[in-house]
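Novice: Protein chains in written order, with the UniProt record's numbering: chain A, 1 to 174; chain B, 1 to 174; chain C, 1 to 174; chain D, 1 to 174; chain E, 1 to 174; chain F, 1 to 174.
Since the hints were made in silico from the structure, they are not lab data. We put the CB at the ideal spot given by N, CA and C, even for glycine. Check each hint, because a few of them may be wrong.
As the list claims (entries may be wrong) - Not the full set, but computed from the structure, chain B residues with beta-carbon under 8 angstroms of chain C:
{"no.": "1", "residue": "48"}
{"no.": "2", "residue": "50"}
{"no.": "3", "residue": "51"}
{"no.": "4", "residue": "61"}
{"no.": "5", "residue": "92"}
Protein chains: 6
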Amino acid sequence: MRGLLVGRMQPVHEGHLEVIKRILDEVDELIIGIGSAQLSHTVKDPFTAGERVMMLTKALTENDIPASKYYIIPIQDVACNSIWVAHVKMLTPPFQHVYSGNFLVQQLFREGGFEVTVPPLYNRKTYSGTEVRKRMLNDEDWESLIPSSVKDVIYEIDGINRLKQLSRRELNEI
Amino acid sequence: MRGLLVGRMQPVHEGHLEVIKRILDEVDELIIGIGSAQLSHTVKDPFTAGERVMMLTKALTENDIPASKYYIIPIQDVACNSIWVAHVKMLTPPFQHVYSGNFLVQQLFREGGFEVTVPPLYNRKTYSGTEVRKRMLNDEDWESLIPSSVKDVIYEIDGINRLKQLSRRELNEI
Amino acid sequence: MRGLLVGRMQPVHEGHLEVIKRILDEVDELIIGIGSAQLSHTVKDPFTAGERVMMLTKALTENDIPASKYYIIPIQDVACNSIWVAHVKMLTPPFQHVYSGNFLVQQLFREGGFEVTVPPLYNRKTYSGTEVRKRMLNDEDWESLIPSSVKDVIYEIDGINRLKQLSRRELNEI
Amino acid sequence: MRGLLVGRMQPVHEGHLEVIKRILDEVDELIIGIGSAQLSHTVKDPFTAGERVMMLTKALTENDIPASKYYIIPIQDVACNSIWVAHVKMLTPPFQHVYSGNFLVQQLFREGGFEVTVPPLYNRKTYSGTEVRKRMLNDEDWESLIPSSVKDVIYEIDGINRLKQLSRRELNEI
Amino acid sequence: MRGLLVGRMQPVHEGHLEVIKRILDEVDELIIGIGSAQLSHTVKDPFTAGERVMMLTKALTENDIPASKYYIIPIQDVACNSIWVAHVKMLTPPFQHVYSGNFLVQQLFREGGFEVTVPPLYNRKTYSGTEVRKRMLNDEDWESLIPSSVKDVIYEIDGINRLKQLSRRELNEI
Amino acid sequence: MRGLLVGRMQPVHEGHLEVIKRILDEVDELIIGIGSAQLSHTVKDPFTAGERVMMLTKALTENDIPASKYYIIPIQDVACNSIWVAHVKMLTPPFQHVYSGNFLVQQLFREGGFEVTVPPLYNRKTYSGTEVRKRMLNDEDWESLIPSSVKDVIYEIDGINRLKQLSRRELNEI
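Construct the entire structure; sequences and hints are all you get.
Specialist: Structure, rendered in structure tokens:
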């Protein structure tokens, strides 16, 4: 059985790894969609799709997860909710089961005839993209929340400076 | 003379029917545009364009309005306000008069050389999509606000459960 | 049971009416999609979606087909074949059966889990949009191929002159 | 050396002229991008791209700035921040230096390998589009904030009435 | 009176200049649209919109045409013919008269209520973009067909090598 | 050093594998873009992006290429050639070297400041997507041209029947 999990992964953190590992106990292959792939360079979505693909690939390798078990696919948003499931299906291998805690995603896939379950639990309060980005902005410890290889990617792309620059408030429009 | 009326119709309710009937006293044929046709599966816009076309078609038949008097056309939003009038004209038979209470719509059609008037009055506070959706979410009486045939459509598509699912607040991003 | 039939209808002709009438013997309601709705003002696609909606509405009324039996919906093309079925579903009431002689359309709907059959036969050589447009350009008898009410629409929009103007070959680019 | 300056110019005001004049002391040619070119007919973005091109062209002529020194180019927004620099480069002559006070724009162009500096100072509090539009809505003195030729354009297009109509609050959705 | 002229200008040549000069005898101001602005890097459309803006600006300056007489505006194609006129109007100052030898453009603007005339005559066989590009590819004399300042732009952007590279036929798909 | 290779892979065949293996001798990591990702269900592009991702992932695993060496990324076409490089960069990890035999791709990346080389040679006449699809349609031996795991994918998705259905010529438009 193939499963699907979609997340924005801004950035990839240990919570993602924990969820992915647990789902891999239940499925033969897991498709991991990188959501809102078109977004980057904002405080909420600082990293490009390509940067997030690189983070996730390296983190899965670091965790010794064999490449035959997963697919990593960037997925751009579409304007029409009712087309989103078809859009995901176009970009991915055939799958039967969807893991999502998002109520809209659950509804759309259920209307499309898919089985949907909530992903396994983990510590969502600490391990969240929001928390990681907050710590990055405040020079607090963000490195302990993410895999070591993801940290390397963030340094390679000078990600902390990018995020800080994007968070500055503009004085006024010209 | 052909007239144009545009509404999101999320969902079709008795207020729409009342306005349409009164306008039909003034025009030979009425084009009824279903606005924001690309939207669905949100709390504010739960129903697809196709579902809204079905609601309106059945409601007009229920009210014995002859098919030779109206056209029902889904109209998607466009990114540029100044192109919207041309977009509507592409999708509709030629028309001369526009009915709208929306100030942007009024301005755009007036700049495009159309006559624009505010639609006839009715009880807008009770008969509004916002009120109907609020009652649906709160298990209050929504059925008395909409035509009987529209109610049947909402049950056919399991619309109340969809709306309630969409209104749940997500705990956290993954 | 609801059925779906999609055609470009450039313009609506007697062949369309014949097919629609026969399908209406088999289904409770028929959704008639006006395909390539975004196209107009070319020799192959001279009429806008709105003009084609008007032609078809008037032709169905002229043929005494009750409005409770059909839905007319303009459907724009999409760039991705594998999203087209979802796009059609967004714009239409729920349907179960598809009528199409186009092999791509057949394949896409079959992969989407729909029953597909070829529309009933009629004289396709004479009653085709290609033939009608050819006769319009050559001042031959096109009026006998289309319903009388469609002819009126074509005159209202000065359609013959438009088609002839569009068929002129440009001398050279500026 | 060619420079680039981008602004929404809703509308063109004396602050723009002051900045442009000072930059022209530093560069051989200046490309002036009219940003968010697709927007119009809202309270924040009332004027079309074409109207803003006309305002700026006339204001530069009024200020005796020779046409050989500048290019005026409407630039639409794109959905992906990380593509925006390439989008601007497609629409403009080759340039080497970017002037911007916007932190996102600065970041995007720096990542694209451009030199970026903050535009020269001027009185941003008084000379801002926000202030001009506020005065237009409140019948206060807006004319002293903008070049005389821009004032003429606003009267030609009946801009004050458009802005006031757009600022009215809708009673309710139909 | 303001006029509109649209051309792809791949590249700007002496024929364009001749037409523009003659139209400027008839109108107060001329809007010059650079058509198919999104295209570049093909054999038929080798130059970007920005490069063409630069060519035309320099050519008009070289010919001593005052900047107060014209506007240069890149215009991208749109998918729907029936929206194109609104798209052009959004991007340009208000205009009353259209100059075009293209029958589709003529038809669209006439249906939009504009006066349309064929541009003044010149030697279209020699002075055409097709001819200039052919000579560029064959190392024949192309420089005599275009203004001297346009030639400089083509050398600045290494345009001849780009065109030759684009004209090579691929051996096979990988 | 990271390299980039882009191909449509309709379907993945032994030629792709041979090229990828040779490039992997030269680079640390290889980004493999699946081009024209939006296309599917045509005779020239029968397979979806997701199906091609699955083919390539399985073929690389079958060939014992470690997952830490490559990234597989679907890349949709864009309307503007001059934006394509930025589009690719958005979707991929940072790269320095491009492998392409396509002259347009070479030109675009060279103008973007990249090193570009032609991919290593292999037997392009036999190992090409065109040849594989031709053999599929004619019931000739296509299986020997592609990796065994790709053959399994094609059977899982019933790919031969899809291709044959898509190749049938329509009788006539309705």
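Novice: Could you work out which of the previously given hints the structure breaks and list their numbers from low to high?
Specialist: Of the numbered hints given earlier, the structure breaks none, since each of them holds.
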